[in-house]
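Student: Listed here are the chains, written in short residue letters.
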Amino acid sequence: MDGGKVTLGRTAGLYLGAAVLRLALFTLFPGLADLLTGRVEISTPVTSFKRLQEGLFLYDHNVSPYDGGVYHQAPLFLPLFSLLPSLPIFTYLLYIAVDILSAGALLKIADSGEAGSSALFTSPRREKRWSGFVIAAVFLFNPFTIATCIGRSTSVFTTCAILHAISRAVAGAPFSAMVALSFAAYLSMYPLLLLPPLLLLCYDRQLPERAIKPGMRSAATNILVVVGVLAALFQMSYLMTGSWEFLPSTYGVQLTLSDLTPNIGLWWYFFIEMFDSFRSFFLAVFWLHLSCYVGGLTIRLRRQPLVVLTLLLGIFSIFKPYPSISDASLFLAMVPLYRHVFPLMRYTFVIAAVIMYTTFLGPAFYHLWIYAGSGNANFFYAITLVWGLGQSLLVCDLTFAVLRDEWEVERPEMAGKDIRQI
Amino acid sequence: MRQLLSLLLLSLVALFFAPRASAADYHEQLVLRPLPLSALLASFNFRSNTTLSAFEAHNFRFFPRSLGQILQHAGTRELHLRFSLGRWDAESWGARPWDGAREGGTGVELWAWLEADTDEEADRKWRTLTNALSGLFCASLNFIDGTRTTRPVMSFQPEGNHPNSAMTNVHLLYGVLPHEVVCTENLTPFLKLLPCKGKAGIATLLDGHKLFDASWQSMAIDVRPVCPPGGECVLEMEQTIDMVLDIERSKRPRGNPIPRPPPAHELKCDTAKPYHSGDTCFPADYNANQDWSLSQIFGKTMKGTCPLTDPNVPPVCLQVPNSRGVYITEGATEKKNLDLVSRCYEIAPDTPEFEMVLPRPESSEESGQAVAVQEVVKPETPLLYAERSFTGHGQEHGGVQTILRNPSPDTKVEFIYMETLPWFMRIYLHTIEARIEGQAGSSKQDPLIQEVYYRPAVDRARGTQLEVRMRIPPASTVFLTYDFEKSILRYTEYPPDANRGFDVAAAVITILNPNPNATSPRFAAYNLRTTSLLCSLPTPDFSMPYNVIIFTSTAIALAFGGMFNIIVRRFVAADEGPEMTLTAIKERLRKRFGGLLQKYRGKGG
Numbered sequence: 222m223d224g225g226k227v228t229l230g231r232t233a234g235l236y237l238g239a240a241v242l243r244l245a246l247f248t249l250f251p252g253l254a255d256l257l258t259g260r261v262e263i264s265t266p267v268t269s270f271k272r273l274q275e276g277l278f279l280y281d282h283n284v285s286p287y288d289g290g291v292y293h294q295a296p297l298f299l300p301l302f303s304l305l306p307s308l309p310i311f312t313y314l315l316y317i318a319v320d321i322l323s324a325g326a327l328l329k330i331a332d333s334g335e336a337g338s339s340a341l342f343t344s345p346r347r348e349k350r351w352s353g354f355v356i357a358a359v360f361l362f363n364p365f366t367i368a369t370c371i372g373r374s375t376s377v378f379t380t381c382a383i384l385h386a387i388s389r390a391v392a393g394a395p396f397s398a399m400v401a402l403s404f405a406a407y408l409s410m411y412p413l414l415l416l417p418p419l420l421l422l423c424y425d426r427q428l429p430e431r432a433i434k435p436g437m438r439s440a441a442t443n444i445l446v447v448v449g450v451l452a453a454l455f456q457m458s459y460l461m462t463g464s465w466e467f468l469p470s471t472y473g474v475q476l477t478l479s480d481l482t483p484n485i486g487l488w489w490y491f492f493i494e495m496f497d498s499f500r501s502f503f504l505a506v507f508w509l510h511l512s513c514y515v516g517g518l519t520i521r522l523r524r525q526p527l528v529v530l531t532l533l534l535g536i537f538s539i540f541k542p543y544p545s546i547s548d549a550s551l552f553l554a555m556v557p558l559y560r561h562v563f564p565l566m567r568y569t570f571v572i573a574a575v576i577m578y579t580t581f582l583g584p585a586f587y588h589l590w591i592y593a594g595s596g597n598a599n600f601f602y603a604i605t606l607v608w609g610l611g612q613s614l615l616v617c618d619l620t621f622a623v624l625r626d627e628w629e630v631e632r633p634e635m636a637g638k639d640i641r642q643i
Numbered sequence: 221m222r223q224l225l226s227l228l229l230l231s232l233v234a235l236f237f238a239p240r241a242s243a244a245d246y247h248e249q250l251v252l253r254p255l256p257l258s259a260l261l262a263s264f265n266f267r268s269n270t271t272l273s274a275f276e277a278h279n280f281r282f283f284p285r286s287l288g289q290i291l292q293h294a295g296t297r298e299l300h301l302r303f304s305l306g307r308w309d310a311e312s313w314g315a316r317p318w319d320g321a322r323e324g325g326t327g328v329e330l331w332a333w334l335e336a337d338t339d340e341e342a343d344r345k346w347r348t349l350t351n352a353l354s355g356l357f358c359a360s361l362n363f364i365d366g367t368r369t370t371r372p373v374m375s376f377q378p379e380g381n382h383p384n385s386a387m388t389n390v391h392l393l394y395g396v397l398p399h400e401v402v403c404t405e406n407l408t409p410f411l412k413l414l415p416c417k418g419k420a421g422i423a424t425l426l427d428g429h430k431l432f433d434a435s436w437q438s439m440a441i442d443v444r445p446v447c448p449p450g451g452e453c454v455l456e457m458e459q460t461i462d463m464v465l466d467i468e469r470s471k472r473p474r475g476n477p478i479p480r481p482p483p484a485h486e487l488k489c490d491t492a493k494p495y496h497s498g499d500t501c502f503p504a505d506y507n508a509n510q511d512w513s514l515s516q517i518f519g520k521t522m523k524g525t526c527p528l529t530d531p532n533v534p535p536v537c538l539q540v541p542n543s544r545g546v547y548i549t550e551g552a553t554e555k556k557n558l559d560l561v562s563r564c565y566e567i568a569p570d571t572p573e574f575e576m577v578l579p580r581p582e583s584s585e586e587s588g589q590a591v592a593v594q595e596v597v598k599p600e601t602p603l604l605y606a607e608r609s610f611t612g613h614g615q616e617h618g619g620v621q622t623i624l625r626n627p628s629p630d631t632k633v634e635f636i637y638m639e640t641l642p643w644f645m646r647i648y649l650h651t652i653e654a655r656i657e658g659q660a661g662s663s664k665q666d667p668l669i670q671e672v673y674y675r676p677a678v679d680r681a682r683g684t685q686l687e688v689r690m691r692i693p694p695a696s697t698v699f700l701t702y703d704f705e706k707s708i709l710r711y712t713e714y715p716p717d718a719n720r721g722f723d724v725a726a727a728v729i730t731i732l733n734p735n736p737n738a739t740s741p742r743f744a745a746y747n748l749r750t751t752s753l754l755c756s757l758p759t760p761d762f763s764m765p766y767n768v769i770i771f772t773s774t775a776i777a778l779a780f781g782g783m784f785n786i787i788v789r790r791f792v793a794a795d796e797g798p799e800m801t802l803t804a805i806k807e808r809l810r811k812r813f814g815g816l817l818q819k820y821r822g823k824g825g
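These protein sequence lines map, in sequence, to chains A and B. Heads up: the first sequence begins at 222 in the working numbering, then just goes up one per residue. Heads up: the second sequence begins at 221 in the working numbering, then just goes up one per residue.
Hints are computed from structural coordinates only; laboratory data are not their basis. Treat the hints with care, since some could be wrong.
Said to hold, decoys possible - Derived DSBU-like pairs: lysine-lysine, alpha-carbon spacing no greater than 35 Å straight-line:
no., chain 1, residue 1, chain 2, residue 2
1, A, K349, A, K434
2, B, K471, B, K419
3, B, K417, B, K493
4, A, K638, B, K806
5, B, K412, B, K520
6, A, K638, B, K419
Claimed, not checked - Pairwise CB distance ranges, derived in the manner of DEER restraints:
no., chain 1, residue 1, chain 2, residue 2, range
7, B, R472, A, F581, 58 to 66 Å
8, A, D288, B, D337, 17 to 25 Å
9, A, G596, B, E713, 34 to 42 Å
10, B, L817, A, E631, 16 to 24 Å
11, A, G463, B, D427, 35 to 43 Å
12, B, N362, A, A452, 51 to 59 Å
13, B, D427, A, Y592, 43 to 51 Å
None of the values given here were measured: they were computed from a predicted structure. Every residue gets a Cβ at the ideal spot worked out from N, C-alpha and C, and that includes glycine.
Generate coordinates for the entire structure from the input sequences, incorporating the hints supplied.
Tutor: And the structure:
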């Protein structure tokens, strides 16, 4: 009883601290928000707050924001932000609240212990884990998360929806999990690829009294929920904007990459330099590559669907068309759930070094290219390559650690011994 | 026999009417106006009329057939074409000639009213028109595509008289090519449209070397239907060339054009300066250089008059104070106008050459400044000064700032500011702001920005169109600013000189008539255009498409391969499972292929 109270107090303190820090950054450095909003590492064409403001301005003046090349975000942001009072403090409070909601969802995922022992698998190392408080703190005080929040990138809403979908699935509430996932998919499309592992997670974690036993029936019900919610959201967007032109302007841009603004991903420079006749072929290949991980990981890691979700989030933050550090912060928020397999990872130092290195050199090289004129586009491109490689090393290493953890259940005597793969 | 008779009669009638018809249907005039700072504005104007009925019957007389057929084919009601170079220096030269109505922004500008039932048909006709004009004028007008075409809403109104019934299905299209370099190959077809083809009359003074060496020049073609009250409607074609020549520069000899410092005794010094002495010299005001002759500044004399021109319109006019003396060739007569600042010359039809010399005023050497003011007519103050520039640095974000100054001490000026921007400048309209210099913002009851029409750009499909109706209080300066973002293009979309930058078309400012009435029904009281801008975009490395494809593919292959490896292969202890050393591989190969080798050897042996 007492312990619970203390924990509640600690958590409230954590949220308060995170909120005060963000509010202080917003108010004490008034130029910081706009500076971060302009950074390509934080704002992409599909999440930029400045583009949202432009869309909002056009929406308020009865010009269709989708009849132009600037606004590529979901239509429901427009009424949400136009209902907000125009003072900037309300926007700050909204973003802070969204971050804290995300942290709350993360805390529930961590406290459920799903990472260490799922329905079909229990890790022998599960005792060695961090509490939800620590994991939420790591998320809230991660510089990437703070920068995303101050930069007011709309990807925080997607992050929040994804974390809530997972936390509801872990809590055994498949319906609300599917609704949250539909919102995430509606806002930025790629979370739809998380559906297969999330279905498995829902199935594994359903409460005994409300269980739908045959797997196919459970999956079909959940898919129907997603389709229904998405259809309702699209219908609302249609009624609001009066036409379907928002579809090509929001999802079409992600599919065809017509806006080549630099970001930390691998797509933009590749498609700047791509020969025109091969553009559509490589677009198809890149999307196919992004979605091919879903099937393989879901099957191979059937016993731990939460791991699949984590790894997919990592893969998306490398290979999606418009990634930003917000996607990296979501992945890095999920990684500490696997504290128990950290000793099995082989390249932690290299990974940490690469991420630090690119974090500092990325902005510097971008400055050299765009402002100083003493470097060219290859400088920033090289850093995005290293960033992508560093993150993919982290994803691969985490996969290796998790699989070895699974293997050591069959071969408990191999713990701590050298192994190889054949 | 009857046919022959009627033919004879017809030709007689034609002979009888021809001179009268020509007298009214074509005239040309050159107006020379010396400007301060040793500049000279030369305005050439050629106007030919044809009745609409004759035009529709393909009966071309003064109207050029080549252009007429294009207009008929593309269903063009009214056409305006501009070729311009340079910058009009309003601060020293004052108001623009023709109130700015015959002027375009740097490059080529074209706007036309086309007859079409639908927008698609209008676009098709527009494409026909631009392609045909491109061939006719040797200009890249065919590059006016969807991204460079707009449909202005407030800025342009037809100049001609169109019947109201015809205006219902007429579309206005406007295209601009700011990057186009206007040059001699555009002048030659321009002169060919004239009835005298540049062989006689004032057009003989036009020479590519001088015209495109001018500080500012604008060639204009305007075709519009005009219905005089009580008369038959005519199609009027007006060709105009305005140029501002630097007298000093034009007087350089053709054979030896390299400027050299003049010897000390030829320097014009300002003797009023206290430090003036034998070895110090402050250059005198350039006004002191207003002495020239036609052959000096145009490189040749005028070859008589065009015989087709209306004799009632004097071919050459000069705008200098009446006090100055002018020498002219024999056969020409001077006629001073009542306004005391202009005079015209009538030239007898048989004069072979016309030359005019404007000498330096005699008294200017002695009394300096006082007389210099008298040398040129004081330029008229324009209604508005406009200047546009980029703000910010770097190749990512930027801003556009237009400084608009109303010089009038007591009248407001209301105008429409129009910009057509390329799609790769992504403008943020929510950042648009107008403020009066020295004040924080715009007042609520009388805002500077009255009305905005905005059509955002679509990537690779159309440009931005921004029209702003503004009102500026008297004697104030207004800053109009907005932000934009520079987008990065596919590497094939950059021109070969990618780092030079991309030209952004001039902003068109149309000043509205403050009190329109029957005598001044013109929609626009005055037009002006800002200079064009040069926007530099971020560039990729053009030399390495293969490298980028290879590097990115390698990164993806590493990630995918690593993942695939981990997922697909089994774990074993380091000392378990099959050995994978070199000898083991050799052994396995021998096991598999050894038998085959034996067989082959056996056969061979």
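Student: Take the hints in turn and mark each one as holding or not.
Tutor: Do the hints match the structure? See the list:
{"no.": "1", "hint": "K349/A with K434/A", "result": "holds, 33 Å"}
{"no.": "2", "hint": "K471/B with K419/B", "result": "holds, 23 Å"}
{"no.": "3", "hint": "K417/B with K493/B", "result": "violated, 52 Å"}
{"no.": "4", "hint": "K638/A with K806/B", "result": "holds, 29 Å"}
{"no.": "5", "hint": "K412/B with K520/B", "result": "holds, 19 Å"}
{"no.": "6", "hint": "K638/A with K419/B", "result": "violated, 100 Å"}
{"no.": "7", "hint": "R472/B with F581/A: 58 to 66 Å", "result": "holds, 59 Å"}
{"no.": "8", "hint": "D288/A with D337/B: 17 to 25 Å", "result": "holds, 23 Å"}
{"no.": "9", "hint": "G596/A with E713/B: 34 to 42 Å", "result": "violated, 22 Å"}
{"no.": "10", "hint": "L817/B with E631/A: 16 to 24 Å", "result": "violated, 42 Å"}
{"no.": "11", "hint": "G463/A with D427/B: 35 to 43 Å", "result": "violated, 59 Å"}
{"no.": "12", "hint": "N362/B with A452/A: 51 to 59 Å", "result": "violated, 47 Å"}
{"no.": "13", "hint": "D427/B with Y592/A: 43 to 51 Å", "result": "holds, 47 Å"}
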